[in-house]
Amino acid sequence: MKAEARAAALFLAPALAVLGLFFFLPVVAGFALSLTDFDLYALGDLHNVRFIALHNYAAVLKSGIFWTALGNTLYFALVGGPLTVAVSLGAALLVNAKAARFKPLFRTVYFAPVVTTLVAVAIVFRFLYHPRFGAINRTLVSLGLPAIDWLGDPRWAMPAIILLAVWKNFGYNMIIFLAGLQTIPDELYEAARIDGAGVWRQFRHVTLPMLGPTFLFVGIVTAIGYLQLFPEPYVMTYGGPLNKTLSAVMLMYQEGFRWWRMGYAAAVAFLLCLVIAAATALQMRFQERR
Amino acid sequence: MKAGWALSVLLLFGCAGRVERGVEQIEFWGLGREGEVVAALIPEFERQNPGIRVALQQIPWIAAHEKLLTAYAGDATPDLAQMGNTWIPEFVAVRGLADLTPFAQSSRTIDGHDDFPGIWATNVVDGVLYGIPWYVDTRVLFYRSDVLAAVGYPQGPRTWSQWLDAMTRIQREHRCRFGILMPTNEFEPIEVLAMSNGSSFLDASGTHGAFEEPPFRDAFGFYVGMFHSGFAPVVSNTQVANLYQQFAQGEFAMHITGPWNVGEFKRRLPPEMEGRWATAPLPARDASQPTGISMAGGSSLVVFRASRHKEAARKLIEFLSVSARQVRFFELTGDLPARRSAWLAPALARDPYFPAFREQLERVQPFPKVPEWEQIATSIFQHGEAAVRRASTPAEALADLDRTANDILAKRRWVLARAEAKR
Numbered sequence: 001m002k003a004e005a006r007a008a009a010l011f012l013a014p015a016l017a018v019l020g021l022f023f024f025l026p027v028v029a030g031f032a033l034s035l036t037d038f039d040l041y042a043l044g045d046l047h048n049v050r051f052i053a054l055h056n057y058a059a060v061l062k063s064g065i066f067w068t069a070l071g072n073t074l075y076f077a078l079v080g081g082p083l084t085v086a087v088s089l090g091a092a093l094l095v096n097a098k099a100a101r102f103k104p105l106f107r108t109v110y111f112a113p114v115v116t117t118l119v120a121v122a123i124v125f126r127f128l129y130h131p132r133f134g135a136i137n138r139t140l141v142s143l144g145l146p147a148i149d150w151l152g153d154p155r156w157a158m159p160a161i162i163l164l165a166v167w168k169n170f171g172y173n174m175i176i177f178l179a180g181l182q183t184i185p186d187e188l189y190e191a192a193r194i195d196g197a198g199v200w201r202q203f204r205h206v207t208l209p210m211l212g213p214t215f216l217f218v219g220i221v222t223a224i225g226y227l228q229l230f231p232e233p234y235v236m237t238y239g240g241p242l243n244k245t246l247s248a249v250m251l252m253y254q255e256g257f258r259w260w261r262m263g264y265a266a267a268v269a270f271l272l273c274l275v276i277a278a279a280t281a282l283q284m285r286f287q288e289r290r
Numbered sequence: 291m292k293a294g295w296a297l298s299v300l301l302l303f304g305c306a307g308r309v310e311r312g313v314e315q316i317e318f319w320g321l322g323r324e325g326e327v328v329a330a331l332i333p334e335f336e337r338q339n340p341g342i343r344v345a346l347q348q349i350p351w352i353a354a355h356e357k358l359l360t361a362y363a364g365d366a367t368p369d370l371a372q373m374g375n376t377w378i379p380e381f382v383a384v385r386g387l388a389d390l391t392p393f394a395q396s397s398r399t400i401d402g403h404d405d406f407p408g409i410w411a412t413n414v415v416d417g418v419l420y421g422i423p424w425y426v427d428t429r430v431l432f433y434r435s436d437v438l439a440a441v442g443y444p445q446g447p448r449t450w451s452q453w454l455d456a457m458t459r460i461q462r463e464h465r466c467r468f469g470i471l472m473p474t475n476e477f478e479p480i481e482v483l484a485m486s487n488g489s490s491f492l493d494a495s496g497t498h499g500a501f502e503e504p505p506f507r508d509a510f511g512f513y514v515g516m517f518h519s520g521f522a523p524v525v526s527n528t529q530v531a532n533l534y535q536q537f538a539q540g541e542f543a544m545h546i547t548g549p550w551n552v553g554e555f556k557r558r559l560p561p562e563m564e565g566r567w568a569t570a571p572l573p574a575r576d577a578s579q580p581t582g583i584s585m586a587g588g589s590s591l592v593v594f595r596a597s598r599h600k601e602a603a604r605k606l607i608e609f610l611s612v613s614a615r616q617v618r619f620f621e622l623t624g625d626l627p628a629r630r631s632a633w634l635a636p637a638l639a640r641d642p643y644f645p646a647f648r649e650q651l652e653r654v655q656p657f658p659k660v661p662e663w664e665q666i667a668t669s670i671f672q673h674g675e676a677a678v679r680r681a682s683t684p685a686e687a688l689a690d691l692d693r694t695a696n697d698i699l700a701k702r703r704w705v706l707a708r709a710e711a712k713r
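Line order of the protein sequences matches chains Z and G.
Read in order, the letters of the first sequence are residues 1 to 290 in my numbering.
Read in order, the letters of the second sequence are residues 291 to 713 in my numbering.
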């Protein structure tokens, strides 16, 4: 028995060492950083660092910009998250449908955006969103609708970012939903059909309940990813116009690397971590109750 | 750490080897459009200095500040770089820049006498010179000369009282809807008014706000008053859909803005506006002064402390500072030259709009040279906006502005006190 435990420890050691070195250590160091006033002066001379306990956290919570950024992030996650999940499920149902043809082709096409570099995607979307020459506005205008300054108008910038994110990310969830759909035994549908259930009721009473665990996984993974919104606004709008696309991670980046207020930025990071943990716990609770 | 040493030793030998062969490579970071355009000037420099090769890297303005700081933190700074002159105090605070005082003293091209004193001063921190002005930027008054002539000021208002009189008459006689456009989210208007009124924003040591002191307080009152009297519309610049069209249609008669708008106004105003607009230096506080005082903006060239090719880097700075080359750079970019002698070029001296800038540049002043300035400047316009929109009274806004500035400067006070105690 002892030898077995030793062998297990031996096998676990490399993974634990890597995790400790590259995950736990940085997290602890980051937390320590958040308790100091590491800033520009400290970059010049390390003696200029002071321990200031939770002062950074208080300062973050008091600053209006943090709440703006958090609000934007929640807007993105609460609108973009469900939208992504819905689109993914729709695509999965379509690809999984008995009548569908060229299934592998569609699966690949829908998955392609996930593995495309975001910067390249952003450049294409910037063309699409161009207020005068972009394909989207041309379509709108030809339909007699007013053109929209997608990335320049404070009201439309976040929706534009959400559209991009949904398009870019739904393929990943679609694959997971597909796997979930394929584990649902055909007998269940047969039984439902014999009981006289139509397509909608089959979906409502067979597909959805059977996908419960898949929903939980997809929901949590999407929420965690979306609450960490960063590259999309970084390459598309840089947080503008009027801070309307400034996300919490974007704020952390600006404070940390633009103004070099590392202590403050670390505090933002840990507060965001708490928000994500809370969002995850909430989803687990919700799922358990059902 | 050991690997780091080994690498430095290798690099040292690597560079030494190159020097022996007579070719030295210097790394130069240019920002935005200037970084692109300067490439056209480099081949000539390399012809004149066969021993030096320039590796030019162009960095977008929006990423420049963090890129330079990260490079410093990671020991990867270039030999020389273009730098917005308001950033210099920050890079001095982290001890990233090389002292250029001896260079300027020995150089035949650069000695400061041909530069505008206010611009030169932005490069001097605690008596040490850290940058050489490359091109300059400031704010002047753009105005509808037809409208201003109709109310008795064909050359534009020269003092604040003339300014108020002009705005009053413009509105009373319905010549324009508003006297002046000053978007509430731009901090330059408040800043230039305060400087014109003799404010230095902070106390002499740069450790406390001086916003409740009379020079700033009165300028702030003047600024807020222009909105409350209805001379200026309460709009931010995102609400201004088309500045040029509104200017041409008589929405407003005056606007405080910078050199890039000379080209934009020429290009975008309808043809019938030709000869009906002009530029003038900012109005003076009173008749005892020739003009108001504007901001000393622009970019400088700096050499990094860690550079191993300081001599070659300084040669490039010298090359780019030659008057004729500054004129060439103006032709390529539209950026205003830093050397007074370059302003004799016909393209600048005979232009109807640039001489106002030339006059203004003699009366520009640096912002407080503290690394926290950008943060403080942001809260200045936020408090200005609060007073303009009547969310607070000017007195409340200024008291809060002083408190905010003192908070931001707390670390600086501590660092300075500590340095003092050590001495």
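Quick caveat, the hints were computed from the structure, so don't treat them as lab data.
Computed from a predicted structure; not experimentally measured.
Misleading hints may appear alongside valid ones.
Negatives, chain G to chain Z, calculated, CB over 12 Å [claimed, not checked]:
1. Glu334
2. Ile352
3. Pro379
4. Arg398
5. Gln452
6. Gly488
7. Met563
8. Thr623
9. Arg648
10. Ala709
Derived pair list, reagent style DSBU-like, types lysine-lysine, alpha-carbon separation capped at 35 Å [as the list claims (entries may be wrong)]:
11. G:Lys701 with Z:Lys62
12. Z:Lys244 with G:Lys556
13. G:Lys605 with Z:Lys244
14. G:Lys701 with G:Lys712
15. G:Lys357 with Z:Lys244
Here are some chain Z residues pointing at chain G (derived, C-beta under 7 Å) [what the hints assert, rightly or not]:
16. Leu40
17. Tyr41
18. Leu43
19. Gly44
20. Asn48
21. Phe51
22. Arg193
23. Tyr234
24. Phe257
A virtual CB, placed ideally from N, CA and C, is assigned to each residue, including glycine.
Verification of the hints:
no. : hint                   : verdict
1   : Glu334                 : holds (34 Å)
2   : Ile352                 : violated (6 Å)
3   : Pro379                 : violated (10 Å)
4   : Arg398                 : holds (33 Å)
5   : Gln452                 : holds (35 Å)
6   : Gly488                 : holds (29 Å)
7   : Met563                 : holds (24 Å)
8   : Thr623                 : holds (23 Å)
9   : Arg648                 : holds (34 Å)
10  : Ala709                 : violated (9 Å)
11  : G:Lys701 with Z:Lys62  : holds (18 Å)
12  : Z:Lys244 with G:Lys556 : holds (33 Å)
13  : G:Lys605 with Z:Lys244 : violated (45 Å)
14  : G:Lys701 with G:Lys712 : holds (17 Å)
15  : G:Lys357 with Z:Lys244 : holds (24 Å)
16  : Leu40                  : holds (5 Å)
17  : Tyr41                  : holds (5 Å)
18  : Leu43                  : holds (5 Å)
19  : Gly44                  : holds (4 Å)
20  : Asn48                  : holds (6 Å)
21  : Phe51                  : violated (13 Å)
22  : Arg193                 : violated (58 Å)
23  : Tyr234                 : violated (10 Å)
24  : Phe257                 : holds (4 Å)
Going down the numbered hints, you'll see the structure goes against 2, 3, 10, 13, 21, 22, 23, while the others check out.
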